[in-house]
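Residue numbers (our numbering), protein chains in the order written: chain B, 1 to 386; chain Y, 387 to 481.
No wet-lab data here; the hints were simulated from the structure.
Given the structure is predicted, the values throughout are model-derived calculations rather than measurements.
Every residue gets a Cβ at the ideal spot worked out from N, C-alpha and C, and that includes glycine.
Take these hints with a grain of salt, some might be off.
[Said to hold, decoys possible] Label-pair restraints from in silico Cβ distances:
hint : chain 1 : residue 1 : chain 2 : residue 2 : range
1    : B       : GLY342    : Y       : VAL417    : 26 to 32 Å
2    : B       : ILE12     : Y       : GLY416    : 25 to 31 Å
3    : Y       : LYS393    : B       : TYR80     : 36 to 42 Å
4    : B       : LYS108    : Y       : LEU408    : 33 to 39 Å
5    : Y       : SER467    : B       : VAL146    : 45 to 51 Å
6    : Y       : TYR436    : B       : GLY347    : 50 to 56 Å
7    : Y       : GLY441    : B       : ALA97     : 21 to 27 Å
8    : B       : ALA354    : Y       : SER428    : 40 to 46 Å
9    : B       : TYR80     : Y       : PRO402    : 27 to 33 Å
10   : Y       : SER467    : B       : LYS369    : 18 to 24 Å
11   : B       : VAL372    : Y       : LEU427    : 30 to 36 Å
12   : Y       : ASN392    : B       : LEU376    : 31 to 37 Å
13   : B       : ALA354    : Y       : ASN392    : 20 to 26 Å
[What the hints assert, rightly or not] Listed below are the simulated PhoX-like cross-link pairs for lysine-lysine, each with C-alpha atoms no more than 25 Å apart in a straight line:
hint : chain 1 : residue 1 : chain 2 : residue 2
14   : Y       : LYS407    : Y       : LYS388
15   : Y       : LYS411    : B       : LYS76
16   : Y       : LYS388    : B       : LYS79
17   : B       : LYS373    : B       : LYS349
18   : Y       : LYS407    : B       : LYS76
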Amino acid sequence: MHEMASHMNALINLDTANLAYLFILGFGGGLLCGFMGAGGAFILTPGMMGIGIPALVAVASNMCLSFPKALVGSLKRLKYGLVDMKLAAILGVSTVAGVLVGADVQNKIRAAFGDAGSNLYVSVAFIVILAVVGGIFLKDVLKTCVRNCNKDNASDNPPDDASYNVTYNASGDASKNVEVEKVTRLARWIQSVNIPGTMVYFKSIDAKISVLFTIPIGFATGMMAATVAVGGFVGIPSMMYVLGAPGLIASATELVIAFVVGLGGSLTYAMHGMVDIRLAMVILAGSLLGTQLGAIGSTYVRPYMVKVVMAVTMLTVMFSRLLMVPVYLSQLGVIRGNEISGSVITGLKSTSFAIMVLALLIGAFIILKALVKGLLIERTTVLNRL
Amino acid sequence: MKNHINKMIMTITTMPMRRRKLCFKVMLLGVASILLYAVLLSNQQAINDYFLRGGTYALLPILTAIIFSLVYGLFAGNFWSLFGIGSIRSKRLRR
């Protein structure tokens, strides 16, 4: 009860400016989420923190708005047969354990160091995760570019060990859009390891994998979900690059896990009075419109474009969070007042917020540009046919 | 204002049946969504009092999220289709 009372004082006033900001933030986050298939929360949580919402409330409210979306998304993908239920169930168990531990750690940090400590913890987690995941996607984009260039120059014969993910651009030309989704060396090694009594066959991967490899992945996914509200950052890349699952199956399976985790996490945080439903529902209003548009936009672009958007926005948000670290350190008294002036702190806060907004605008611009371009090409093609 | 409403009614009545149904669906869900948000935003203090109590009251934000997602989600799902914005694959299938 005392926890709730202190938390009530920290609730932000939802005036017109804040309402408009949260709606636009939701729309931008939704655009990214729909375009990438998951993960809009990586911009929503810092975006909420940017206007002074405590990290824990931002994470909890984010989880609460995302689990119904994950439910709808996973039901759709289940219908299309894209979900590996066995993989979802096995990863899901360890993910729930991760969420419970992660939420407990968050609550303990807030109790010991207050909102500044909690904000610092979440920000550092964001910096590490965004640097790693954004870096991996950037590397992957560069590799795909080089590979596609080499393929255009060399031969038209595809390598035998590759699976193909063919998409079409708006003019219906599929020839240039063939992208190779290779199983990584790490995934091949993991699939080759045989630990008796722990092996499970996964249809989507077409290989037996030891549960001793899936448990840490699920646990880390749950920890991430409870810490930054984006478990998919760990879940999807791990399923793709560590276990060797195809991208579509990985993102669909992650959605099922995200629903279970989101529901469990929301309940856990709501029991501590941390879910601000007003924030969650205003963001949801923008987010659902954006998600639909982002998902439509993703059908008009080449798959590597999704990775480009992911890499660019993740690394930009990472810089935004990085600038806030000295601010939280000074609030905690680690950096003393004479070492960092008030004007520097204000400057850092403003710059961090501006960079975060820039990340949102860059992501939204790339997606909307691709969508408008695709729609225009398509309309021209239809008119030409008539 | 009256002219504007008449024009809107004329536009709807001259639409093909499928599109007209979609239009009514979006309008109905839009009104329901506005009502839900009006209740939420005009009773912020009371909602915060109950929703942040924790314990068994934790079910309140969960149920609210599900209700809003269902009603507003259906609205958002059909909203862009009303303006002819759809995925390239679904458009090809329709053709």
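The hints, checked one at a time:
1. B/GLY342 - Y/VAL417: 26 to 32 Å: Since B/GLY342 and Y/VAL417 have Cβ atoms about 49 Å apart, the given range 26 to 32 Å is violated.
2. B/ILE12 - Y/GLY416: 25 to 31 Å: Holds: the Cβ-Cβ distance is about 27 Å, inside 25 to 31 Å.
3. Y/LYS393 - B/TYR80: 36 to 42 Å: holds (41 Å)
4. B/LYS108 - Y/LEU408: 33 to 39 Å: violated (50 Å)
5. Y/SER467 - B/VAL146: 45 to 51 Å: 39 Å Cβ-Cβ, so the 45 to 51 Å window is violated.
6. Y/TYR436 - B/GLY347: 50 to 56 Å: 40 Å Cβ-Cβ, so the 50 to 56 Å window is violated.
7. Y/GLY441 - B/ALA97: 21 to 27 Å: holds (23 Å)
8. B/ALA354 - Y/SER428: 40 to 46 Å: violated (33 Å)
9. B/TYR80 - Y/PRO402: 27 to 33 Å: Check passed, 28 Å falls within 27 to 33 Å.
10. Y/SER467 - B/LYS369: 18 to 24 Å: holds (21 Å)
11. B/VAL372 - Y/LEU427: 30 to 36 Å: Hint holds: Cβ distance 32 Å, inside 30 to 36 Å.
12. Y/ASN392 - B/LEU376: 31 to 37 Å: holds (33 Å)
13. B/ALA354 - Y/ASN392: 20 to 26 Å: violated (47 Å)
14. Y/LYS407 - Y/LYS388: OK: Y/LYS407 and Y/LYS388 at ~23 Å, within 25 Å.
15. Y/LYS411 - B/LYS76: Distance ~21 Å between Y/LYS411 and B/LYS76 Cα, so the pair holds.
16. Y/LYS388 - B/LYS79: Violated, because 46 Å separates the two Cα atoms, which is more than 25 Å.
17. B/LYS373 - B/LYS349: violated (36 Å)
18. Y/LYS407 - B/LYS76: It holds: about 23 Å lies between the C-alpha atoms, which stays within 25 Å.
The structure fails hints 1, 4, 5, 6, 8, 13, 16, 17 (numbered hints given earlier, in ascending order).
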